[in-house]
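Q: In the working numbering, each residue's number is its place in the sequence shown (first place is 1) plus 2.
Think of the hints as simulated: they come from the structure by calculation, not from any bench.
Only a predicted model underlies this, so the values are computations on that prediction, with no experimental measurement involved.
Be a bit skeptical, because a hint or two may be false.
[Stated by the list, open to error] DEER-style ranges, computed between Cβ atoms:
(1) 24 with 154: 37 to 47 Å
(2) 114 with 15: 15 to 25 Å
(3) 75 with 15: 20 to 30 Å
Even glycine gets a Cβ: it sits at the ideal position worked out from N, Cα and C.
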Amino acid sequence: MVQAWYVDEPARDPRGPRHARPGRPVGLEQLRRLGVLHWKLDADKYENDPELEKIRKERNYSWMDIITICKDKLPNYEEKIKMFYEEHLHLDEEIRYILDGSGYFDVRDEEDRWIRISMEKGDMITLPAGIYHRFTLDEQNYVKAMRLFVGEPVWTAYNRPADHFEARQQYLAFLAQTA
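Based on the provided sequences and hints, a complete structural model is requested.
A: Structural data, given as structure tokens:
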């Protein structure tokens, strides 16, 4: 089961769990109201997993690749880690499936507070277009993830403020409807 919670700001090292004090857990239903979807899959059989294929077909995730994020495997590691942790949004969904290792996605709630989502092997997440978010490794400093897209991949991140984009406006309208 995925774990999520509100986090305290700021922290010198973003890789820690950073639980708010007192602890404030966040359930799957609250994540769904933010448009964040989660599945737990068997990462050991990702190459031939009928459940993954079903999700890809239903959601039109036609393109995929695999990225390994660690000092030995990712060129410009330090620069990329800083870039991933900058608060940003995308104009399309962001879909990640953790095949090995672990890390954290942070997303903003409807009141602009950070929620940290712990991702580990077998977790698959979809962040809606227009949601402000960021990613960091945890203390293990390693994750291997499948990146999925609808159609050709678009890698553009728009750092905050990016409220003028239509995807952001549509996301805010979605939040207003689920309130």
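Q: Hint by hint, note whether the structure agrees.
A: Right, here's what the structure says about each hint:
{"no.": "1", "hint": "24 with 154: 37 to 47 Å", "verdict": "holds (45 Å)"}
{"no.": "2", "hint": "114 with 15: 15 to 25 Å", "verdict": "holds (23 Å)"}
{"no.": "3", "hint": "75 with 15: 20 to 30 Å", "verdict": "holds (21 Å)"}
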